[in-house]
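Novice: Sequence:
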Amino acid sequence: MGLFEKHAPRPMARTLRVLARLLGYPDADLRAHLPELRAALHAEQAVSAQRLAELDALIGSLARRDGLDVEADYVQLFDSGRRTALHLFEHVHGDSRDRGPAMIDLAQTYEKAGLYLAEGEMPDHLPVVLEFASTQPPREAAAFLGEIAHLVNTIFAALDQRQSRYASVMGALLDLAGVPAQAVQVPAEEPLDDSWSEPAAFDGCASAGQGRSDHAQPVQIVRRGPSAQPGAPA
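Each residue of the sequence shown is one higher than the one before, starting from 10 at the first, in the working numbering.
Since the hints were made in silico from the structure, they are not lab data.
Errors might be hidden in some of the hints.
[What the hints assert, rightly or not] Estimated spans, in silico, between C-beta atoms of each pair:
#1 R148 to D78: 39 to 45 angstroms
#2 K121 to Q191: 28 to 34 angstroms
#3 D82 to D114: 32 to 38 angstroms
#4 E45 to R74: 16 to 22 angstroms
#5 A58 to T118: 29 to 35 angstroms
#6 G123 to P20: 40 to 46 angstroms
#7 D78 to A52: 27 to 33 angstroms
#8 S70 to A122: 33 to 39 angstroms
Predicted model, so just to flag it, every value in this text is computed and none were measured.
We treat Cβ as the ideally placed atom computed from N, Cα and C, and that holds for glycine.
Take the sequences, apply the hints, and build the full model.
Specialist: This is the structure we're talking about:
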């Protein structure tokens, strides 16, 4: 066995798909498949035993708690503040004019790999990004995760500050990227009344909150052609 083979990165496709699913809206369908998601994580062993234990705690919490409470907490956590937003360009461009071209470039990256967004999906939504990464060879997937690691770490710090079990998902992604999770200074949230206020007439730019949908949607990237693969972990 050659040196390259000895140090080849571990497979991570199933783990990335599971992490994408865990970041999705925790509706009844997702909660019904939690045992299969946990089994897929443990079967692939792409992250450390400690990180698996943290993810188990998240999965256990989603399974035990009342469904309505779980869904309400998810919306409050990810849809009611900018620091924990799962749309990556929210952290880079906000609502500036640069966000549109960046979205187009990212969507074209998917299309070059033969992947196309389902209707209503945004290319910078982290679960979508992870589904794309799961289609790449391990080395390329790790490099891709490394490119967004600083954004993932920002979300990790915000979730950790809130003592949310979802921080374990971000920690796992940083592990896969080979980047240590670090606590960083998280600026205070701007008041929701300000971030969701109406823009000035003829301003030409939406206000901060208006770029996001008011409810979560299931993630789906589709591959065109007869070789389509389901989005769920295999």
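Novice: Taking the Cβ atom of S70 and the Cβ atom of A122, is their distance within the range 33 to 39 angstroms?
Specialist: Holds, since S70 and A122 (Cβ atoms, about 34 angstroms apart) stay within the stated range.
Novice: Take the C-beta atom of E45 and the C-beta atom of R74, compute their distance, and say whether it sits inside 16 to 22 angstroms.
Specialist: 19 angstroms, holds
Novice: Can you let me know if the beta-carbon spacing of D78 and A52 is within 27 to 33 angstroms?
Specialist: 30 angstroms, holds
Novice: Can you let me know if the beta-carbon spacing of R148 and D78 is within 39 to 45 angstroms?
Specialist: Between R148 and D78, where Cβ atoms are some 41 angstroms apart, the hint holds.
Novice: That 32 to 38 angstroms hint for D82 and D114 (C-beta), does it hold up?
Specialist: This hint holds: roughly 33 angstroms between Cβ atoms.
Novice: Holds or violated: 40 to 46 angstroms for the Cβ distance of G123 and P20?
Specialist: With Cβ atoms ~20 angstroms apart, the hint is violated.
Novice: Using the Cβ atoms, figure out if A58 sits within 29 to 35 angstroms of T118.
Specialist: 33 angstroms, holds
Novice: Could you say whether the range 28 to 34 angstroms given as a hint is met by the Cβ separation of K121 and Q191?
Specialist: 32 angstroms, holds
The structure does not agree with numbered hint 6 stated previously, though it agrees with all others.
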